[in-house]
Amino acid sequence: MNNRIRELRSREGLSQLELAQKAGVRRETIVFLEKGKYNPSLRLAHDIAKHFGLPIEEVFLFDDNVIKSGA
Amino acid sequence: MKKAVMGLVIGAVVLVGLALWVFKGRIAGNAQEVVTAPIVLLVVGFAVYLSISRLRSRRRGEPGEDELSKSVMTRASSLAYYISIYLWLFVGYISDKTMLETHSLVGAGIAGMAVVFVLCWLGVKLFGMKNE
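Chains A and P, in that order, give the protein sequences.
Numbering-wise (our numbering), the first sequence opens with residue 1 and increments by one.
Numbering-wise (our numbering), the second sequence opens with residue 1 and increments by one.
Check before you lean on any hint, since a few could be wrong.
[As the list claims (entries may be wrong)] Below 25 angstroms or equal to it, Euclidean Cα-Cα: the simulated PhoX-like pairs (lysine-lysine) are:
1. P/70 x A/35
2. P/130 x A/35
3. P/125 x A/35
4. A/22 x P/125
5. A/37 x A/22
6. P/70 x P/130
7. A/35 x A/50
8. A/50 x A/37
9. A/35 x P/97
10. P/70 x A/22
11. A/37 x P/125
12. A/35 x A/22
13. P/97 x A/50
14. A/22 x P/97
15. P/70 x A/50
16. P/70 x P/125
17. A/50 x A/22
18. A/37 x P/97
Calculated from the structure, these hints are not laboratory results.
Small disclaimer: the values here were computed from a predicted structure and weren't measured.
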C-alpha cells in the first residue's frame, strides 16, 4: 500500500509535526507512513484522509494486484 | 500522574539495584558480574531512552505513546519471546557441558532475553512493519 501523505502535506505547507499533532500521533508515525514502513489503522487512515478532505482511497493507494501473504 | 510516579519508583529501584550489583561485583572481584554489567547498562539505557523519547513527545504536544509505538513494542515483544524459546533451549543444552553454576546460567539467560528484546525492537524500527 502506498500513500500520498508527503505530497498532500507539502501542498498544504504542513510540517510532519503539525500533521502529527492534528492526527493525534507522534511525528515518528508520520515519518514511518511517508516512508511506507507502516500501514496505519483504519482509524488513523480515516483521520488523516479527513484532515485533507479526501476519501481514504485517494490518500492511501491500494494495489489490487498484490497478493497478500496469508491469503 | 500515577503512571509517572510508578515510572519514577521503578526507575529508582532499578538504578539502586544496578548500582549495588556493580559495586558488590567489584568488591568481591567477581569478573563474571562485572562483565555482565554492560548488558544491564544497555537495558537500563534503553529504558531511559524510551522514557526521554516519550517526555520529548509530550513536550512537543504529541502523545507519549501512539499506535505505531505500541505496535512496535508488541511486534518486538512477540519476536523476542519466540527467539527466547530457542535461547533457553540452548542454555538447557549447554547446562551440563559447562562449569557455570545454575544461577549464573539463569542470569545469562535473562540477560540474553533482554538483549534479544532490544535487538528485536531495533530491527522492527529499522525495517518497519507493513503487515502485508
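Hints, one by one, checked against the model:
1. P/70 x A/35: Measuring from Cα to Cα gives roughly 19 angstroms; hence the hint holds.
2. P/130 x A/35: holds (11 angstroms)
3. P/125 x A/35: holds (12 angstroms)
4. A/22 x P/125: holds (23 angstroms)
5. A/37 x A/22: holds (21 angstroms)
6. P/70 x P/130: holds (14 angstroms)
7. A/35 x A/50: With a Cα-Cα distance of about 21 angstroms, the restraint between residue 35 of chain A and residue 50 of chain A holds, given a limit of 25 angstroms.
8. A/50 x A/37: holds (22 angstroms)
9. A/35 x P/97: violated (48 angstroms)
10. P/70 x A/22: Satisfied, since the Cα-Cα distance of roughly 19 angstroms is no more than 25 angstroms.
11. A/37 x P/125: holds (9 angstroms)
12. A/35 x A/22: holds (19 angstroms)
13. P/97 x A/50: Between residue 97 of chain P and residue 50 of chain A the Cα gap is close to 62 angstroms, so the pair fails against 25 angstroms, i.e. violated.
14. A/22 x P/97: Status violated; Cα separation ~58 angstroms.
15. P/70 x A/50: holds (23 angstroms)
16. P/70 x P/125: With a Cα-Cα distance of about 12 angstroms, the restraint between residue 70 of chain P and residue 125 of chain P holds, given a limit of 25 angstroms.
17. A/50 x A/22: Cα-Cα ~11 angstroms, so holds.
18. A/37 x P/97: violated (44 angstroms)
Going down the numbered hints, you'll see the structure goes against 9, 13, 14, 18, while the others check out.
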